[in-house]
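Chains as they are written, first to last, in the working numbering: chain V, 1 to 306; chain B, 1 to 306; chain U, 1 to 258; chain E, 1 to 258.
In case anyone wonders, no lab produced these hints; they're calculated from the structure. Be a bit skeptical, because a hint or two may be false.
Said to hold, decoys possible - Okay, derived cross-link-like pairs now, EDC-like style, lysine to aspartate or glutamate, Cα gap no bigger than 20 Å in a straight line:
#1 LYS148/B <-> ASP146/V
#2 LYS77/E <-> ASP44/U
#3 LYS43/E <-> ASP44/U
The chain contents come next:
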Amino acid sequence: MDNNVNMAVDFCGVNMKNPVTVASGTFGSGMEYSDFVDLSKLGAVTTKGVAITPWEGNATPRVAEVYGGMLNAIGLQNPGLDTFISRDLKFLETQDTKVIVNVCGHSEEEYVSCVERLGECDNVDLLEINVSCPNVKEGGIAFGTDPKCLNNITKMIKAKAKQPVIMKLSPNVTDICEMARAAVDGGADALSLINTLTGMKIDIYRRCYTLANRTGGMSGPAIKPVALRMVNQVASAVSVPIIGMGGIATAEDAIEFIMAGATMVSVGTANFHNPTVTSEIVDGIEEFMKSQGIKDLSEIRNCVRW
Amino acid sequence: MDNNVNMAVDFCGVNMKNPVTVASGTFGSGMEYSDFVDLSKLGAVTTKGVAITPWEGNATPRVAEVYGGMLNAIGLQNPGLDTFISRDLKFLETQDTKVIVNVCGHSEEEYVSCVERLGECDNVDLLEINVSCPNVKEGGIAFGTDPKCLNNITKMIKAKAKQPVIMKLSPNVTDICEMARAAVDGGADALSLINTLTGMKIDIYRRCYTLANRTGGMSGPAIKPVALRMVNQVASAVSVPIIGMGGIATAEDAIEFIMAGATMVSVGTANFHNPTVTSEIVDGIEEFMKSQGIKDLSEIRNCVRW
Amino acid sequence: MEKISADIIKQENLVDDIYSMWIKCPQVAKDAHSGQFVNLYSKDSSRLLPRPISICEVDKKGDSLRLVYRTAGAGTKEFSLMKKGDSIDVLGPVGNGYTLECQHPILMGGGIGIPPMLQLAKELSAKGIDKDNISVVLGYRDATFLLNEFKKIATVYISSDTGSVGIKGNVIDAVREYGVEGDAIYACGPKPMLRAIKEYAYENDIPAYISLEERMACGIGACLACVCETIDKDEHSQVNNARICVDGPVFKADEVIL
Amino acid sequence: MEKISADIIKQENLVDDIYSMWIKCPQVAKDAHSGQFVNLYSKDSSRLLPRPISICEVDKKGDSLRLVYRTAGAGTKEFSLMKKGDSIDVLGPVGNGYTLECQHPILMGGGIGIPPMLQLAKELSAKGIDKDNISVVLGYRDATFLLNEFKKIATVYISSDTGSVGIKGNVIDAVREYGVEGDAIYACGPKPMLRAIKEYAYENDIPAYISLEERMACGIGACLACVCETIDKDEHSQVNNARICVDGPVFKADEVIL
Ligand SMILES: Cc1cc2nc3c(=O)[nH]c(=O)nc-3n(C[C@H](O)[C@H](O)[C@H](O)COP(=O)(O)OP(=O)(O)OC[C@H]3O[C@@H](n4cnc5c(N)ncnc54)[C@H](O)[C@@H]3O)c2cc1C
Ligand SMILES: Cc1cc2nc3c(=O)[nH]c(=O)nc-3n(C[C@H](O)[C@H](O)[C@H](O)COP(=O)(O)OP(=O)(O)OC[C@H]3O[C@@H](n4cnc5c(N)ncnc54)[C@H](O)[C@@H]3O)c2cc1C
Ligand SMILES: Cc1cc2nc3c(=O)[nH]c(=O)nc-3n(C[C@H](O)[C@H](O)[C@H](O)COP(=O)(O)O)c2cc1C
Ligand SMILES: Cc1cc2nc3c(=O)[nH]c(=O)nc-3n(C[C@H](O)[C@H](O)[C@H](O)COP(=O)(O)O)c2cc1C
Ligand code: FES
Ligand code: FES
Chain V
1 MDNNVNMAVD
11 FCGVNMKNPV
21 TVASGTFGSG
31 MEYSDFVDLS
41 KLGAVTTKGV
51 AITPWEGNAT
61 PRVAEVYGGM
71 LNAIGLQNPG
81 LDTFISRDLK
91 FLETQDTKVI
101 VNVCGHSEEE
111 YVSCVERLGE
121 CDNVDLLEIN
131 VSCPNVKEGG
141 IAFGTDPKCL
151 NNITKMIKAK
161 AKQPVIMKLS
171 PNVTDICEMA
181 RAAVDGGADA
191 LSLINTLTGM
201 KIDIYRRCYT
211 LANRTGGMSG
221 PAIKPVALRM
231 VNQVASAVSV
241 PIIGMGGIAT
251 AEDAIEFIMA
261 GATMVSVGTA
271 NFHNPTVTSE
281 IVDGIEEFMK
291 SQGIKDLSEI
301 RNCVRW
Chain B
1 MDNNVNMAVD
11 FCGVNMKNPV
21 TVASGTFGSG
31 MEYSDFVDLS
41 KLGAVTTKGV
51 AITPWEGNAT
61 PRVAEVYGGM
71 LNAIGLQNPG
81 LDTFISRDLK
91 FLETQDTKVI
101 VNVCGHSEEE
111 YVSCVERLGE
121 CDNVDLLEIN
131 VSCPNVKEGG
141 IAFGTDPKCL
151 NNITKMIKAK
161 AKQPVIMKLS
171 PNVTDICEMA
181 RAAVDGGADA
191 LSLINTLTGM
201 KIDIYRRCYT
211 LANRTGGMSG
221 PAIKPVALRM
231 VNQVASAVSV
241 PIIGMGGIAT
251 AEDAIEFIMA
261 GATMVSVGTA
271 NFHNPTVTSE
281 IVDGIEEFMK
291 SQGIKDLSEI
301 RNCVRW
Chain U
1 MEKISADIIK
11 QENLVDDIYS
21 MWIKCPQVAK
31 DAHSGQFVNL
41 YSKDSSRLLP
51 RPISICEVDK
61 KGDSLRLVYR
71 TAGAGTKEFS
81 LMKKGDSIDV
91 LGPVGNGYTL
101 ECQHPILMGG
111 GIGIPPMLQL
121 AKELSAKGID
131 KDNISVVLGY
141 RDATFLLNEF
151 KKIATVYISS
161 DTGSVGIKGN
171 VIDAVREYGV
181 EGDAIYACGP
191 KPMLRAIKEY
201 AYENDIPAYI
211 SLEERMACGI
221 GACLACVCET
231 IDKDEHSQVN
241 NARICVDGPV
251 FKADEVIL
Chain E
1 MEKISADIIK
11 QENLVDDIYS
21 MWIKCPQVAK
31 DAHSGQFVNL
41 YSKDSSRLLP
51 RPISICEVDK
61 KGDSLRLVYR
71 TAGAGTKEFS
81 LMKKGDSIDV
91 LGPVGNGYTL
101 ECQHPILMGG
111 GIGIPPMLQL
121 AKELSAKGID
131 KDNISVVLGY
141 RDATFLLNEF
151 KKIATVYISS
161 DTGSVGIKGN
171 VIDAVREYGV
181 EGDAIYACGP
191 KPMLRAIKEY
201 AYENDIPAYI
211 SLEERMACGI
221 GACLACVCET
231 IDKDEHSQVN
241 NARICVDGPV
251 FKADEVIL
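Given these sequences and hints, build the entire structure.
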């Protein structure tokens, strides 16, 4: 058997050495995990959401463990774009991997300013726009759950963006395909999904919400079936490439997302349980390809069709 | 310490000895589980969805295991109302517990005919209307995800129903409170939630969907945080009583739902893992009340407020 | 049916990925007979559904059951790592099992469908049918297992996918090749094998009792996950669907559609 | 920081719900010192997040760490059931730990905040500070644990919630009651106790180094779950929030808002 497999993928014209990246917010900007993983092993690093100015985030407790996953309400704490550029992007310049910068904002203007400034940064390959902030100007979660708002903000961002734009979709909607189409019609070059499912935990002894924020975003293996279903539906509704995520913890999980239609996959919460998981997933995909005689991921991408 | 605790609850005028029932479709009509549980220990038995005529259900495989839960696409196979009345209701007559009959249909007319015939049955205490059938006349899942359709079918059912009507809500929506209000405005006496979250599993070796139906409804502990969040939101949006469900597997889980605002709780998928779980949950709630000095569940119901 | 925690008395690897486990479970063993199965529960919280495993042998005096299984996925893998003295949750016995009305039975087991044939052969033997009149046709993938135990009480014919033992082919190939005859067929194995047996039984006009498999959730008749299509309307379901877990797993081949 | 699978060398129940566990983990032990912690991982798949546990003792020669913990919930309960010879996944050492610049340290531990004081006392003692000059004030709920180990190297004062040992009250009550004096405070314990210590340190104008707790997800500085509010803008976050896991868990009391 010829053992050469090609794990490289082209994502919006960016050539990734493999389809594995990390889910924004679970990996910092890679620095903290570089003790455990050689970042050059990853197709790309996706950074924690960054805004034009520093954000404080929510009160603590910000996280709670749930069965097979966790809730988080970090509230998008971030050091602001200046520090991000001078420290985090600079660190990533030294790493042999692509960079996807996740962007958040309180208003359309903030998103756009952020995207404009990032246009000047050489080592930003792609922009991922997080439109599921719990705390945005226009009627709360509107960007993430109202197709018109989503379409509009996508257009505004695309008008200024220098890098390809990935819109990140919220799963807390009745019709994920409608949201996907709204983003693509607005010019999105790619989509990433899913962000977290809104959940809750109650401390029955103290009779209060476990999270200071009351609700939090659920992530981890427990949400994988919902994520996979949405990726598969969206893959047949639109034709832009997809970054699939939600509960990926093994190479087999990653392959499921690729077969469902994802071009790349992000590993999030699994890093918290096993800091070397991303590297193991890269190796596992390669092994799977070899054992199944798959030479290129295009042979299996979207092979399970809606 | 005075050890008398009152677990009884009044649900739409029906007096239940305790707040524990079973989730429709996971317990047959109780017969199969009576080897394991004394049904008289339960507040009520909620029966598998029944339609006016027998339904074949979906092709197999109908179930798949997922992390912390399962997917099902049974497709509401049921023996039809005649057999249900002459066999299942007759069996339940011999049991000292209340009966909640879960109703499904392909069209509004089918729901209504079913509800009318059940009006003649003495030992039906409550009707639970499943409006998240994967396979209904009016544009698929419309009843469960479109507030107008939900409002309309609730009205039609209420016009004919002799027993209190519980509308069972689907979680696959952007705004669960909007759905809850639509049902209550239509006259619903109570709500039950959540039904299953739509999910998917892929068999990566055979490169196909694991379920014949492609997608299935996700249930089990993995969905609990989403269910709890929705129950808590709905409890503050409407004032009818709620049956809370979704991943309940322990007495602590049940208490969380009660604190979130549920008057009753249903145990579903957990029965498959542990057939005596319902009885253990009843005992566990009693113990919790004793240890925390709670005399009546009204002291903690909805104590964690949105 | 009872659900209990059973002690593992013996665990051994028979060959390749096939394991044999004896468990002590008086409440389950006392009612158990051939063709029935038990539900085994994983200890890992990510796996909540029971794993149905056929009864390979019943030792009523020893209050114990033998289960022979293949490590197909994570659940059976977990079972295979358990050791003597560990405990495992088990529910059973479940299902109808085989009826023993016959004089010259032909037992056919394919792959991991072989183990349940052992208890059946033992029961037929105990009923007084002698070795010459119990034909057992075993279809292996490659390496054999349980073979000597069958040889003690039955006349054994073998086929294998690779041809490494017996004739190369499936159990029906072996039946034809060796001219095996009888007045009833009892079978367990993969669906294509069962289809071939159904056809063979029809051609030869002898009854065939086949054991079916399907994905299960409750494993006790409540959830309607595990159905197979029936020729006639099923009494319980009122449609042409029977539950494999409690209405089966054994069906007359001419009553189901495969 | 490394994540490894460690062997449990010793596991014992100290008192009530308090357990002591020695684990062999050369890669972790070699860099470990007082005030740092490790992340322990549950084997059960329903519990994926690490459990942070302070280092109670470091045995560099023995390549091992001692962890003393209370069974607060399902994760610590699982740890308490593990036995000598079992393995447990551990990541560490994490955090800044205590700085040892002082002549007359006062160590204050409350409840499950007592264990990390032991390694600190040992390090101070090893630095040459004699028994009379190391004051240790221990606040127990009721029954004592680790007490004799402290007595070997330090002057110990005790308070307890119930008054069953030492003076009835908290550690600050004991400090006032016994007139304990020193040039630096090192403390770990529940928030109300740390608040009282912060105030006491301010009044007496001595530095207090306090160890904070918060819910964690990554346990290594990446997720921003575990923050505490800081008086000054934090260098890393650019807001008034520091990460307890890697910027702490030890902070100067006058630099954080409790
Ligand atoms: C009535 C009956 C009797 C059986 N007897 C035996 C036996 O004696 N020896 C033996 O090795 N195997 C037997 N099987 C198959 C056995 O149940 C599966 O191999 C086992 O459930 C796989 O579990 P896993 O966790 O290793 O695999 P996974 O693939 O990880 O299991 C995932 C899920 O799929 C289910 N599943 C997977 N394969 C099957 C299957 N073939 N049939 C039903 N459910 C499946 C599992 O129960 C679980 O819910 C029997 C199946 C049935 C229905
Ligand atoms: C830096 C640090 C050092 C600690 N050192 C010790 C120690 O030496 N000995 C000891 O007994 N305890 C210590 N704790 C507390 C210990 O981490 C918790 O008691 C433990 O995580 C509870 O886990 P559980 O599964 O038993 O409880 P559960 O309540 O079931 O845990 C559920 C989730 O909440 C988290 N959690 C629960 N309680 C706490 C808490 N107090 N702090 C942080 N997370 C919590 C768990 O890690 C888990 O993610 C320390 C905490 C921190 C932050
Ligand atoms: C602690 C935490 C922080 C997160 N922060 C962000 C963020 O800043 N921006 C964003 O788009 N998504 C954020 N997410 C969502 C993840 O990127 C991802 O969409 C989600 O967690 C599902 O993937 P997983 O199950 O693999 O974790 C965060 C998730 C977690 C758990
Ligand atoms: C096998 C199976 C069959 C179900 N059948 C029905 C049904 O007939 N009618 C209905 O309203 N809900 C049905 N449900 C949904 C459950 O009643 C319940 O809403 C859901 O499973 C969530 O609860 P759980 O996590 O405790 O199982 C079914 C669920 C399962 C797992
Ligand atoms: S597995 Fe539930 S009815 Fe057979
Ligand atoms: S726990 Fe993740 S940053 Fe501290």
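Outcome of the hint check:
1. LYS148/B <-> ASP146/V: Status holds; Cα separation ~18 Å.
2. LYS77/E <-> ASP44/U: Holds, because 16 Å separates the two Cα atoms, which is no more than 20 Å.
3. LYS43/E <-> ASP44/U: holds (9 Å)
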